[in-house]
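One letter stands for each residue in the lines below.
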Amino acid sequence: SQKIEQNSEALNIQEGKTATLTCNYTNYSPAYLQWYRQDPGRGPVFLLLIRENEKEKRKERLKVTFDTTLKQSLFHITASQPADSATYLCAPDPPNTGFQKLVFGTGTRLLVSP
Amino acid sequence: NAGVTQTPKFQVLKTGQSMTLQCAQDMNHNSMYWYRQDPGMGLRLIYYSASEGTTDKGEVPNGYNVSRLNKREFSLRLESAAPSQTSVYFCASSATGTDTGELFFGEGSRLTVL
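Protein chains in written order, with this note's numbering: chain A, -8 to 105; chain B, 1334 to 1447.
Treat the hints with care, since some could be wrong.
Unchecked claim - Examples of chain A residues toward chain B, derived with CB under 7 angstroms:
#1 Pro35
#2 Phe37
#3 Phe95
Just so you know, the hints here were simulated from the structure itself, not pulled from any lab data. Keep in mind the model is a prediction, meaning the values are calculated, not measured. Every residue gets a Cβ at the ideal spot worked out from N, C-alpha and C, and that includes glycine.
Generate coordinates for the entire structure from the input sequences, incorporating the hints supplied.
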């Protein structure tokens, strides 16, 4: 079955550093991969989508990579701020589902200290 | 601009009781979804509706029923609640034909079954 792995341990970093979060998937080959941010007690909020042929995507301080050979996506936040503290979820899109059946990872909690 | 609205936000049930979670979106989206989120399990798709008048099972449909009442509303019903259905439930919606397949989530409904 499709499996998505995100580091369950919280990532603690200092303000100004770059945070790197990992998303590994097995048993399928998604054409797209989405990243979401979730704050405590709130619903997830969409951040970025990267396609299998895009290798890298940037949006302001965010950078996402997609390595289909390693079956891995990396999510980077540069110049991190305490306001970036949240849980980040990856969601590879199973093939031929047109985003209708997104499969989410468990998320990694990021804590940015001043 | 309400987005996706879920009611109730909190509910406590006894085993065997029934209830309906309501969801409405005001973005004219065709697709709507119900997810549940449990610690260590991530978001799991219960049911989805690709368009008004259609519903399909997701990963964990057992014990649930859904109704796509109209384009705006998608309800989730628990006919006979069980403790295993204690969870946080999220409704989401998305537009079809977009480049990103972005899901818009509600704030969640926290359900406890005793």
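Hint-by-hint comparison with the structure:
1. The restraint placing A/Pro35 at the interface with chain B holds, with a minimum CB-CB distance near 5 angstroms, inside the 7 angstroms limit.
2. The closest approach between the C-beta of A/Phe37 and any C-beta of chain B is roughly 4 angstroms, which is under the 7 angstroms cut-off, so the hint is satisfied.
3. With a least beta-carbon distance of about 4 angstroms to chain B, the hint placing A/Phe95 at the interface is held under the 7 angstroms criterion.
In summary, the structure agrees with every hint in the numbered list given earlier.
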